Amino acid sequence: MTHVLDPGTLAAGTRPGPGPGTAFDDVTRSDAALRAFLHGLPGVDQVGAEQRAATLGTRSIKTTAKAWAIDTAISMVDLTTLEGADTPGRVRSLAAKARRPDPTDPTAPSVAAVCVYGDLAGVAKEALADTGIHVAAVATAFPSGRASREVKLADVRDAVANGADEIDMVIDRGAFLAGRYLEVFEEVVAVKEACTRPDGTGSAHLKVILETGELVTYDNARRASWLAMLAGADFIKTSTGKVSPAATLPVCLVMLEAVRDFRAATGTQVGVKPAGGIRTTKDAVKHLVLVNETVGADWLSPDWFRLGASSLLNDLLLQRQKLRTGHYSGPDHVSVD
Amino acid sequence: MSDRLAVRKTFKLYLGGAFPRSESGRTYAVTDARGVFLANAAWASRKDARDAVVAARGAFGTWSGATAYNRGQVLYRVAEVMEGRHAQFCEEVAAGEGLSAGRARAVVDAAVDRWVWYAGWTDKLASVLGSANPVAGPFFGFSTPEPTGVVAVLAPQRSSLLGLVSVLAPVLACGNTAVVVTSRDRPLPAVTLGEVLATSDVPGGVVNLLTGDAGEIGPWLAEHDDVDAIDLTGAPPAQAMELERLAAGSIKRVLRPPAEEPDWSADPGLSRMTPFLETKTVWHPKGV
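Sequence order for the protein chains is A and B. Quick note, the first sequence lines up with residues 1 to 337 if you use our numbering. Quick note, the second sequence lines up with residues 1 to 288 if you use our numbering.
Any given hint could be a false lead.
[Claimed, not checked] What follows is a set of in silico ranges between Cβ atoms, one per label pair, in the way DEER data are often shown: (1) A:198 - B:251: 49 to 59 Å; (2) B:19 - A:32: 49 to 59 Å; (3) B:278 - A:104: 21 to 31 Å; (4) A:45 - B:249: 50 to 60 Å; (5) B:237 - A:62: 31 to 41 Å; (6) B:261 - A:279: 39 to 49 Å; (7) B:249 - A:62: 20 to 30 Å; (8) A:105 - B:143: 32 to 42 Å.
[Said to hold, decoys possible] Calculated cross-link-like contacts (lysine-lysine; reagent style DSS-like; alpha-carbon spacing at most 25 Å): (9) B:47 - A:322; (10) A:282 - A:62; (11) B:47 - A:282; (12) A:282 - B:12; (13) A:62 - B:47; (14) B:47 - A:66.
Hint data in this document are derived by calculation from the structure and do not stem from the laboratory. Only a predicted model underlies this, so the values are computations on that prediction, with no experimental measurement involved. We put the beta carbon where it would ideally sit given N, CA and C, even for glycine.
Use the sequences and the hints to build the structure in full.
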């Protein structure tokens, strides 16, 4: 597999890593340069990507490997509630579930993070204090991203001030599709800056949602991935979960290839988070296979790969109970979200 | 005779309103009573049973929530469509059970009549089995029968149509959804019944028909936490007690198998409906 950019061709002495002062300084110099770079990325072979994802999806994962995959998937879940009807009580019950997904079995791992709207980040933070479980907050006028930059940045600062450890921002798909790439880039950079905590204790992790369902093509998904990584994203995320299609295996494959090539070119590792539409254990295991076969075991950790989901966790727990007890479990044996 | 090529059939399962192949990809040959090949049938696996339970659970809300009158209408419609397939059922029953044409016709007639009989029961159960209870206080106390939930049915091994209808129709009339493991050696009438159900107004998932071995799938259904009741009529006799023991782990309703497969032409009474009904009692203050 050829890499998009050969690290050997980078000018000697340039510091690896995204952002100002890096090897990719010049491609973000102007709108024209960025467009030339993004459009210069090799096109995605649509049929090939879909075929590859479908082939990897047929792998049979059984017994001990399945038990490992289920526990790994649980530890990668960003347990999400993004409803207009969210209440502090609901967020607290979700936080309890995040800590102990299966109250009947203390060996079940806890999830990676709880993902909520920014105004409820404080409630989640309080409920998850001293657990190591992160609080992720969606921001920047989620899910549409249709607001002025001041409003978006205020949204981010508010969520960070409420205690969010991770910020899930949406890119401006309108600007991206209209070809105003630099505008999108600058917005991500500005949001990255706004993620800095006011008390000087570092910065919230930035996940950039590409909303691939609205970007339409795999080529656009690859370009948006690169754009987000160049702007300093810590994670690239497929979707808001509010648009269909959300996370599909082929688009996840394209994004995984992008982070692999980006690390090869810059030395910086970026995480990937498919979100939306992953409902069954089988789907989750397919994604893990895809990660292992595309970018390798380096990404098989909650620090580098997450699954944005709500109903997935219950299915993982049912399968876990099936493996443990030897008989099929039912929805009466997991909590109703 | 014409020299037309025979259309060899490989039947599939009826699961969630669709006709999928077995997840396992397995099939087995079905022969008539004298051992002559009839068709291939899908050989259901435990994962088909699991999928069937998910489908049945998904359909339970709609089916149990429908009015008793509406359920009766839908079941009556099934009998209408069965009647339209009368000749096909006769042929399959005659071949599978080794009956004469006249005897097979009588069995199919009885099966359709049995279905109509149960269709009539849907809106009468509450009156017959429910009650307004005399209570010592200023309250009304009402008891009403409610469906148990997802019922696994191991259908009779010998009587492939009348027996199947006699165990399936009462489960549906009560408002339950069913996962049926058909007769292993005589599955064809069940396959045709699946086609009847798919073309009548029964919502997908209310009935799921798995052709295969009750001895293989039975334990998985008996142990399944999301199955609320199990009818062991068609279980292998040696396995029945073990199945009952497995079912105890999730406190299922269990309908024990008769010592011998009964004469299905006898009047069933309410004996096959009451096991799959729960009694709900509501207290309500008077004068409010």
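Verification of the supplied hints:
1. Evaluation of the 49 to 59 Å hint for residue 198 of chain A and residue 251 of chain B yields a pass: the beta carbon distance comes to about 56 Å.
2. Taking 49 to 59 Å as the suggested C-beta distance range, the pair residue 19 of chain B and residue 32 of chain A conforms, at roughly 57 Å.
3. Remark: the range hint 21 to 31 Å for residue 278 of chain B to residue 104 of chain A is upheld by a beta-carbon distance near 25 Å.
4. A beta carbon spacing of about 51 Å between residue 45 of chain A and residue 249 of chain B agrees with the range 50 to 60 Å that was offered as a hint.
5. Separated by about 33 Å at the C-beta atoms, residue 237 of chain B and residue 62 of chain A satisfy the suggested range of 31 to 41 Å.
6. Checked against the given bound of 39 to 49 Å, the beta carbons of residue 261 of chain B and residue 279 of chain A, roughly 42 Å apart, stay inside it.
7. For residue 249 of chain B and residue 62 of chain A, the hinted distance range of 20 to 30 Å is satisfied, since their beta carbons lie about 24 Å from each other.
8. Taking 32 to 42 Å as the suggested C-beta distance range, the pair residue 105 of chain A and residue 143 of chain B conforms, at roughly 38 Å.
9. At most 25 Å may separate the alpha-carbon atoms for a hinted pair to count; residue 47 of chain B and residue 322 of chain A meet this at roughly 12 Å.
10. A threshold of 25 Å between alpha carbons decides the hint, and for residue 282 of chain A with residue 62 of chain A the separation of about 11 Å falls inside it, so the pair holds.
11. A C-alpha spacing of about 13 Å is found between residue 47 of chain B and residue 282 of chain A, which places the hinted pair at or below 25 Å, so the restraint holds.
12. For the proposed pair residue 282 of chain A and residue 12 of chain B, the alpha carbon gap of about 24 Å is at most 25 Å, so the pair holds.
13. Between residue 62 of chain A and residue 47 of chain B the CA atoms are separated by roughly 14 Å; this keeps the pair inside 25 Å, and the hint holds.
14. This hinted pair checks out: residue 47 of chain B and residue 66 of chain A have alpha carbons roughly 16 Å apart, not beyond 25 Å.
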